[in-house]
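Let the sequences and hints guide you as you build the complete structure.
The listed protein sequences correspond, in order, to chains A and B. According to my numbering, the first sequence is numbered sequentially starting from 1. According to my numbering, the second sequence is numbered sequentially starting from 1.
Hints may contain errors.
Said to hold, decoys possible - With a straight-line Cα cutoff of 27 Å, these simulated BS3-like cross-link-like pairs (lysine-lysine) come out:
#1 B/K67 / A/K42
#2 A/K122 / B/K49
#3 A/K122 / A/K251
#4 A/K205 / A/K226
#5 A/K139 / B/K62
#6 B/K35 / A/K139
#7 B/K67 / A/K139
Unchecked claim - Computed beta-carbon distance windows for the label pairs:
#8 B/M58 / A/N23: 21 to 27 Å
#9 A/E223 / B/K62: 27 to 33 Å
#10 A/D202 / B/S14: 42 to 48 Å
#11 B/M58 / A/K102: 29 to 35 Å
#12 A/Q249 / B/I34: 49 to 55 Å
#13 A/K246 / B/S29: 54 to 60 Å
#14 B/M58 / A/N21: 20 to 26 Å
#15 B/S27 / A/D134: 48 to 54 Å
#16 B/E23 / A/K135: 41 to 47 Å
#17 B/D24 / A/R171: 21 to 27 Å
The set of hints was computed from the structure by calculation and includes no laboratory data. Nothing here was measured: the structure is a model prediction, and the numbers come from that model. Just so you know, even glycine gets a beta-carbon here, dropped at the ideal spot from N, CA and C.
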Amino acid sequence: VEVDMQAHAESIRTVFNDPTNFNVKHPLYSPWALWFDSPATKGRNLPQTPMSSFPQTPLPQTPSVAAAGWMEDIKKVIGFDSVEEFWGLYNNIIKPSELPPKANYYLFKEGIIPAWEDEANKNGGKWSIQLPKDKNRHKIDDLWLNTMLAAIGETFDPALTEAESEDSVPRSLITGVIVSTRPQFYRISIWTRSAPGQDDEDMRKRIEAIGRHFKTAVLGYPESQKLSGPLATEVEFLSHKDSEKKGKQAKKPIVV
Amino acid sequence: SSTRNQPISQPLPSALATARIIEDLGSVSYPRGIKSPKVELNVNAKHGKFRYDRDFLMQFMKICKDKPDNLPPLDAIGLEPSEQGTGIPM
Chain A
1 VEVDMQAHAE
11 SIRTVFNDPT
21 NFNVKHPLYS
31 PWALWFDSPA
41 TKGRNLPQTP
51 MSSFPQTPLP
61 QTPSVAAAGW
71 MEDIKKVIGF
81 DSVEEFWGLY
91 NNIIKPSELP
101 PKANYYLFKE
111 GIIPAWEDEA
121 NKNGGKWSIQ
131 LPKDKNRHKI
141 DDLWLNTMLA
151 AIGETFDPAL
161 TEAESEDSVP
171 RSLITGVIVS
181 TRPQFYRISI
191 WTRSAPGQDD
201 EDMRKRIEAI
211 GRHFKTAVLG
221 YPESQKLSGP
231 LATEVEFLSH
241 KDSEKKGKQA
251 KKPIVV
Chain B
1 SSTRNQPISQ
11 PLPSALATAR
21 IIEDLGSVSY
31 PRGIKSPKVE
41 LNVNAKHGKF
51 RYDRDFLMQF
61 MKICKDKPDN
71 LPPLDAIGLE
81 PSEQGTGIPM
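Spelled out as structure tokens, the structure:
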């Protein structure tokens, strides 16, 4: 038995057992891709993101001129599908606090374009929070890291835990997460595949649970804390369709 | 110091590139002091579809430092650190 145990231990070496000669890695629930844009990616002669990198979700059939231009400006940095690869990327890329203003990181599931036009996003919406830059410059890197870890660890959507059996596990609602830097604030967003309709109580509960997890476990605020203030918002959800409506048609966001 | 064990021009295939995917989390035993992924996140886990809590994931931060083979040079995609300093008022 002792010999068997030893053979077994030798057959599986994680990065914790042997950081240079590990032979297994931890697969992620879904493969992911990191995208980036900033004023520096616009109008420069940079290598284009190959269209072959998102075969399942072609560009919208009639993209607006603006959308087409935007797709040329956004750069796919890398794809990855294991915990070990995520950290190799994280440890070799610059952090949100070091980005120029008007830059965005988009971490989306592989095959989903980080735009609301994508099939996976068009019926969905986003949780987001806006944070004033001066008070959060020292915190934004950790908040973004926590957001990415909840995304790749697939812990945002409680319905995945509550399922009663392997076969009743629903499809994850999360499609991607974004951090945006602007001259005076940061914004972090969680994009979902669906948004609650008028009388869709079940979806509303599921979406709200994601928002509460984002506010408390990921961002670290007490559930009851009010967050809005100068340049700051609550943690709020709007469907992409409602985000389009302005003025009298404007919809109130869900707030947690 | 300029002494190195391996010439930079001939990297070995990385362990990352050759490691295989864990198919059964239960088959892995971690060294003492390393936390396993939270069991309750994976009670319904399908083959290779695992969920990981933050405490588990954070343990990799100080270990997995190698630059991915397929990471493009960051300046080539316009991804460069900026001197933010005091920030520019709008």
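Going down the list of hints, with the structure as the test:
1. In summary, the hint linking B/K67 to A/K42 is supported, as the alpha carbons are separated by about 26 Å, within the 27 Å threshold.
2. Restraint check for A/K122 and B/K49: satisfied, since their Cα atoms lie roughly 25 Å apart, inside the 27 Å limit.
3. For the suggested pair A/K122 and A/K251, the alpha carbons sit about 17 Å apart, so the restraint of at most 27 Å is met.
4. Restraint check for A/K205 and A/K226: the C-alpha separation of about 21 Å stays at or below 27 Å, so the hint holds.
5. A distance of roughly 20 Å separates the Cα atoms of A/K139 and B/K62; the hinted pair therefore holds under the 27 Å criterion.
6. This hinted pair checks out: B/K35 and A/K139 have alpha carbons roughly 26 Å apart, not beyond 27 Å.
7. Restraint check: the Cα-Cα separation between B/K67 and A/K139 comes to about 25 Å, which is no more than 27 Å; the hinted pair holds.
8. For B/M58 paired with A/N23, a C-beta distance near 23 Å keeps the hint of 21 to 27 Å intact.
9. The beta-carbon spacing between A/E223 and B/K62, approximately 32 Å, falls within the hinted interval of 27 to 33 Å.
10. Distance hint check for A/D202 and B/S14: the Cβ-Cβ separation is about 45 Å, which falls inside the suggested range of 42 to 48 Å.
11. Taking 29 to 35 Å as the suggested C-beta distance range, the pair B/M58 and A/K102 conforms, at roughly 30 Å.
12. A/Q249 and B/I34 have their C-beta atoms about 53 Å apart, which keeps the hinted 49 to 55 Å range intact.
13. The given range of 54 to 60 Å is respected by A/K246 and B/S29, whose C-beta atoms sit roughly 57 Å from each other.
14. Roughly 23 Å separates the CB atoms of B/M58 and A/N21, a value that falls within the hinted 20 to 26 Å.
15. A beta carbon spacing of about 49 Å between B/S27 and A/D134 agrees with the range 48 to 54 Å that was offered as a hint.
16. At roughly 45 Å, the beta-carbon separation of B/E23 and A/K135 lies within the given 41 to 47 Å, and the hint holds.
17. Checked against the hint of 21 to 27 Å, the C-beta distance between B/D24 and A/R171 comes to roughly 23 Å, which is consistent with it.
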